[in-house]
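Trainee: One letter stands for each residue in the lines below.
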Amino acid sequence: MEHTKNAVLAVRGVSMNFGGLRALSEVDFEVRKGEVVALIGPNGAGKTTFFNCITGIYTPTEGEVVAVLRNGKEKRINGMRTNHVCELGMARTFQNIRLFPSMTALENVMIGRHCRTKEGILGAILRGSKTRREEQQVVDTSYQLLKKVGLEHVANEYAKNLPYGAQRRLEIARALATEPFLLLLDEPAAGMNPQETLELKEMVIQIRKEFDVSVLLIEHDMKMVMSLSDRIYVMEYGRVISTGTPAEVSADPQVIRAYLGEETDA
Amino acid sequence: MAALTIATNLKKSAIAALWLAFLTMPVMVIRVDTVENTIVWRWMHLVYMLGGSFVLALIWHFMMDRRDRGAAVRESADGEAEGRLSRFVNNPRVLKPMLAFGFIVAAAFPWVFSMYQTNILISALIYVVLGLGLNITVGLAGLLDLGYVAFYAVGAYAYALLNHHFHLGFWTVLPMAAILGSFFGILLGFPVLRLRGDYLAIVTLGFGQIVKLVLENWNDFSYGPSGISNISRPGLFGINYSVENATTYIYYIMLGLVILAIVTTARLKDSRVGRAWLALREDEIACQAMGIDNTRAKLMAFSLGATLAATMGAVFAAKTTFINPASFTFMESAMILAIVVLGGMGSVLGVILGAFLLILLPEYMRAFSEYRMLLFGATMIVVMVFRPEGLIKARRKVYKINTETL
Amino acid sequence: MEYFLQLFFSGLSKGSVYALIALGYTMVYGIIELINFAHGEIYMIGAFMGLIVAGVLTSLGWPALSILALALVVAVLYSAAYGYTVEKIAYKPLRGAQRLAPLISAIGMSILLQNYIMLAQTPDFLPFPHLIPDLSFMEPYRSYLGTSDLFIVVTSLVTMVALTLFIKFTRMGKAMRATAQNRKMAMLVGVNVDQVISMTFIIGSGLAAVGGVLIASHIGQINFYIGFIAGIKAFTAAVLGGIGSIPGAMLGGLVLGWTESFATGYVSSDYEDVFAFCLLVLILIFRPAGLLGKQRAQKV
Numbered sequence: 001m002e003h004t005k006n007a008v009l010a011v012r013g014v015s016m017n018f019g020g021l022r023a024l025s026e027v028d029f030e031v032r033k034g035e036v037v038a039l040i041g042p043n044g045a046g047k048t049t050f051f052n053c054i055t056g057i058y059t060p061t062e063g064e065v066v067a068v069l070r071n072g073k074e075k076r077i078n079g080m081r082t083n084h085v086c087e088l089g090m091a092r093t094f095q096n097i098r099l100f101p102s103m104t105a106l107e108n109v110m111i112g113r114h115c116r117t118k119e120g121i122l123g124a125i126l127r128g129s130k131t132r133r134e135e136q137q138v139v140d141t142s143y144q145l146l147k148k149v150g151l152e153h154v155a156n157e158y159a160k161n162l163p164y165g166a167q168r169r170l171e172i173a174r175a176l177a178t179e180p181f182l183l184l185l186d187e188p189a190a191g192m193n194p195q196e197t198l199e200l201k202e203m204v205i206q207i208r209k210e211f212d213v214s215v216l217l218i219e220h221d222m223k224m225v226m227s228l229s230d231r232i233y234v235m236e237y238g239r240v241i242s243t244g245t246p247a248e249v250s251a252d253p254q255v256i257r258a259y260l261g262e263e264t265d266a
Numbered sequence: 267m268a269a270l271t272i273a274t275n276l277k278k279s280a281i282a283a284l285w286l287a288f289l290t291m292p293v294m295v296i297r298v299d300t301v302e303n304t305i306v307w308r309w310m311h312l313v314y315m316l317g318g319s320f321v322l323a324l325i326w327h328f329m330m331d332r333r334d335r336g337a338a339v340r341e342s343a344d345g346e347a348e349g350r351l352s353r354f355v356n357n358p359r360v361l362k363p364m365l366a367f368g369f370i371v372a373a374a375f376p377w378v379f380s381m382y383q384t385n386i387l388i389s390a391l392i393y394v395v396l397g398l399g400l401n402i403t404v405g406l407a408g409l410l411d412l413g414y415v416a417f418y419a420v421g422a423y424a425y426a427l428l429n430h431h432f433h434l435g436f437w438t439v440l441p442m443a444a445i446l447g448s449f450f451g452i453l454l455g456f457p458v459l460r461l462r463g464d465y466l467a468i469v470t471l472g473f474g475q476i477v478k479l480v481l482e483n484w485n486d487f488s489y490g491p492s493g494i495s496n497i498s499r500p501g502l503f504g505i506n507y508s509v510e511n512a513t514t515y516i517y518y519i520m521l522g523l524v525i526l527a528i529v530t531t532a533r534l535k536d537s538r539v540g541r542a543w544l545a546l547r548e549d550e551i552a553c554q555a556m557g558i559d560n561t562r563a564k565l566m567a568f569s570l571g572a573t574l575a576a577t578m579g580a581v582f583a584a585k586t587t588f589i590n591p592a593s594f595t596f597m598e599s600a601m602i603l604a605i606v607v608l609g610g611m612g613s614v615l616g617v618i619l620g621a622f623l624l625i626l627l628p629e630y631m632r633a634f635s636e637y638r639m640l641l642f643g644a645t646m647i648v649v650m651v652f653r654p655e656g657l658i659k660a661r662r663k664v665y666k667i668n669t670e671t672l
Numbered sequence: 673m674e675y676f677l678q679l680f681f682s683g684l685s686k687g688s689v690y691a692l693i694a695l696g697y698t699m700v701y702g703i704i705e706l707i708n709f710a711h712g713e714i715y716m717i718g719a720f721m722g723l724i725v726a727g728v729l730t731s732l733g734w735p736a737l738s739i740l741a742l743a744l745v746v747a748v749l750y751s752a753a754y755g756y757t758v759e760k761i762a763y764k765p766l767r768g769a770q771r772l773a774p775l776i777s778a779i780g781m782s783i784l785l786q787n788y789i790m791l792a793q794t795p796d797f798l799p800f801p802h803l804i805p806d807l808s809f810m811e812p813y814r815s816y817l818g819t820s821d822l823f824i825v826v827t828s829l830v831t832m833v834a835l836t837l838f839i840k841f842t843r844m845g846k847a848m849r850a851t852a853q854n855r856k857m858a859m860l861v862g863v864n865v866d867q868v869i870s871m872t873f874i875i876g877s878g879l880a881a882v883g884g885v886l887i888a889s890h891i892g893q894i895n896f897y898i899g900f901i902a903g904i905k906a907f908t909a910a911v912l913g914g915i916g917s918i919p920g921a922m923l924g925g926l927v928l929g930w931t932e933s934f935a936t937g938y939v940s941s942d943y944e945d946v947f948a949f950c951l952l953v954l955i956l957i958f959r960p961a962g963l964l965g966k967q968r969a970q971k972v
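Residue numbers (this note's numbering), protein chains in the order written: chain A, 1 to 266; chain B, 267 to 672; chain C, 673 to 972.
Hints listed in this document are in silico derivations from the structure and should not be mistaken for laboratory results.
Treat the hints loosely; a few may be bogus.
[Unchecked claim] Derived EDC-like pairs: lysine to aspartate or glutamate, alpha-carbon spacing no greater than 20 Å straight-line:
1. B:K666 <-> A:D212
2. B:K278 <-> B:D334
3. B:K278 <-> C:D866
4. A:K223 <-> A:D252
5. B:K666 <-> A:E87
6. A:K223 <-> A:E210
7. C:K760 <-> B:D331
8. A:K5 <-> A:E152
9. B:K663 <-> A:D252
10. A:K75 <-> A:E199
11. A:K73 <-> A:D212
12. C:K764 <-> B:D559
13. A:K118 <-> B:D331
14. C:K760 <-> B:D559
15. A:K130 <-> A:D140
16. A:K148 <-> A:E74
17. B:K663 <-> A:D230
18. A:K160 <-> B:D464
19. B:K663 <-> A:E157
20. B:K663 <-> A:E87
Just so you know, these numbers come straight off a predicted model, no measurement behind them.
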């Protein structure tokens, strides 16, 4: 499939039908290496459906979804199971935070390490030196990730007891633990106040640099989107109606007509 | 304020008592025989019901008040609200001496107590392992298997039949039973992969029933309701023990197996696999999205639980030397579930405590043996309403962060 | 041919009773997404109530048909009361708790009720008088269709029609449908959800009681364990028709009744219960939404 040379994710002509409902219609999409790409649009535009299509929760009715891995290999990931997608290197967070509430913050991040480690039942029971070493590595790496998002002080706290903002950051740390080349964030700033949003933005920029990941995010907070993204896609009723840099998109009359024109309070 | 609560509760309990007495009056008081055309009126029962319900209702209302107050506290707590028993037992300074003491008692038991007592303890130990096995499937992975007893039956019948037809000894069949169990676990797991909580429960219940019914009716294979008798006890390099010594022998075998099961479960709980199971239980979708193969995790949970059950089945057959389908009913599955639930889902100590309580207590309260199942049922309701985490709450490991190397 | 008709009608009457019990399962599941494990025991208790009434009235010399009528009324009232109480004790405190909790509580309640009856009455089978009189105009059909069967089918039909009318045209019926579709919203528009849920249990239990008395009268004996087996089979019927769907439960009941009847008649009678369980397992694996049910998508 044709795509830009440094694309990490290329989507061509993807449509998604649920029975009679056409949720996505011929979507073309690309994320390039090191970019922060934002996907915006009114509620019901199909943004999360799109996420679900590219992460394997749904199988697109039409079209191609291709991931370009770190080693340059291309892989068609239509309908691939979500755990395989994650193994390939695409990790996501969820619109309605899906942490593991009865596990500690540290353990939540440790789950992210699962697909990068291998000790099985026998290893766990026998607990030889190899297993113990791997365990320790997992603990250390996870702790480091917690530090990166500023949650190391609640490492042994149950996830359900964490405040909302902390939970969102924890989800991101968990996703990072899977060593992704592409991070997909579904409304990471939802419910955050301006200060928290600013911190989140700084964190995303930091993460992009330090972990050498590309970022695709769905977001409603326009200020954050405009200042953070390299490129933006705007969706409405399941179609992409505009794409380009933040400047280009905000000047596009189509987009203005669709829903832009409301600014979040400064 | 407190006086008002007491008064309210008294009133509520009085109403409850009257209502329950009304509800149970026909069944408790009247005994008909339509053939002889006789009726027996047992009015004393009504009095008992009134009195008993009043007391129970009172206790219930007070516990409810406590629960509702506690709920508000729990929401705001920094950390988990744990029962005192839970905290007491989990305290390492209590735990270690307790374990040591327990071990000494366990090791010396057969020499101090009679064969009859030892047999009872063997039963309890079998249920400990069964509980630990179900604990993996239900407590860790969250898969409510109501047909667990089917695996128990598989192990028992495997030994019984292989012993009966081919005269294979206990030690030969034990590993075979385990492997057969793990195989059946995967077999059961496959069809139920996509099912949600309650549906999963019912399907597994169905499987359990099917297994029992097949055992009852396929006479050529399983000898039907009359079962299989004269199953050999375990020997040692060809030595056949007397009944007494065999009991002691089986006791120590069980002790070994129990220790094995405990170590296995405890280590799994805080391992990569254990965490994956927990994630599976908490949120299947997120679990899969984070790179865990749900299918594999579920099958492993079923398989491991089944392996433990099948192993116990073989031991059970060797212990009682006679098995028939009546030992493998849904009630057994429910009892094992009660052990896990009462003890504390996911907690190893809890399951052990649960098994001892639910198995040993009835043995020593023979007077109430008729009411055993009634109390089982009531216990399950009461535990779920007032203390769903069980007697001993499952704790997650507190990791020590090695900050020097970081 | 006659054999076929025998099986057909016995399947029809059995299926009608399954349908009555299945309605209780499906209505409760539709409203609070709980499998009421104890529902089978409510059916059993209905039968026992009927027996006790029958016993007392027989000794007083009442005519059979009046006994039947009163037995049905008392059984329905008592079962409804039991259903209401069970919900208040074992399910209401657990609304909003984790998935497994209400199910385990339900299992506990089921065990409790079974043993309660067993201890208060007897573990043995108790004979149940044949209260349904033999009508003379049924004589020519006697070889394959008994008065009992006919009575059961007609009574069940009338009951189910009454239920459908209730659900469709009364205020409470509307409230029940609303709560089943969206509980929060129903609460917000002023529906007393607690009352609706209680009503659901009451109605479902009453229906089961009707089934209990009728079939007990037909078979001639009851014991404390009949609820367990009948319960699972009725649940199978509910799932087969599509859990949460009232016409589904009726359809499922009939399909199960006929399947069992013809399977035991033509294949093997030893494995009678196995057919129901196998059917249950197969449906839940291959078509969990059932015949008339809707697939419920989960939002990610």
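Trainee: Work down the list of hints and note, for each, if the structure agrees.
Mentor: Hints and how they fare:
1. This hinted pair does not check out: B:K666 and A:D212 have alpha carbons roughly 29 Å apart, beyond 20 Å.
2. Straight-line distance between C-alpha atoms of B:K278 and B:D334 comes to about 16 Å, which keeps the hinted pair within the 20 Å bound.
3. Of the supplied pair hints, the one linking B:K278 and C:D866 holds, its CA atoms being roughly 18 Å apart against a limit of 20 Å.
4. Of the pairs offered as hints, the one joining A:K223 and A:D252 holds, with about 17 Å between alpha carbons and a cut-off of 20 Å not exceeded.
5. Proposed proximity of B:K666 and A:E87 is contradicted: the alpha carbons are some 28 Å apart, above 20 Å.
6. Between A:K223 and A:E210, the direct Cα distance comes to roughly 24 Å. Violation of the 20 Å bound is thereby established for this hinted pair.
7. A C-alpha spacing of about 15 Å is found between C:K760 and B:D331, which places the hinted pair at or below 20 Å, so the restraint holds.
8. With a C-alpha separation of about 39 Å, the suggested pairing of A:K5 with A:E152 is violated against the 20 Å cut-off.
9. Simply put, B:K663 and A:D252 have alpha-carbon atoms about 54 Å apart, too far for the 20 Å limit, and the pair is violated.
10. The hinted pair formed by A:K75 and A:E199 fails the criterion: a straight-line CA distance of about 34 Å is larger than 20 Å.
11. The straight-line distance between the Cα atoms of A:K73 and A:D212 is roughly 17 Å, inside the 20 Å bound, and the hint therefore holds.
12. Restraint check: the Cα-Cα separation between C:K764 and B:D559 comes to about 36 Å, which exceeds 20 Å; the hinted pair is violated.
13. Taken as a hint, the A:K118 and B:D331 pair is broken in the structure, with Cα atoms around 48 Å apart against an allowance of 20 Å.
14. With a C-alpha separation of about 40 Å, the suggested pairing of C:K760 with B:D559 is violated against the 20 Å cut-off.
15. A C-alpha spacing of about 15 Å is found between A:K130 and A:D140, which places the hinted pair at or below 20 Å, so the restraint holds.
16. A threshold of 20 Å between alpha carbons decides the hint, and for A:K148 with A:E74 the separation of about 31 Å lies outside it, so the pair is violated.
17. Only pairs whose Cα atoms come within 20 Å are accepted, and B:K663 paired with A:D230 is rejected, the gap being roughly 42 Å.
18. As the CA atoms of A:K160 and B:D464 are separated by approximately 24 Å, the hinted pair breaks the 20 Å bound.
19. In summary, the hint linking B:K663 to A:E157 is supported, as the alpha carbons are separated by about 11 Å, within the 20 Å threshold.
20. Taking the CA atoms of B:K663 and A:E87, the gap is near 26 Å; set against the 20 Å cutoff, the hint is violated.
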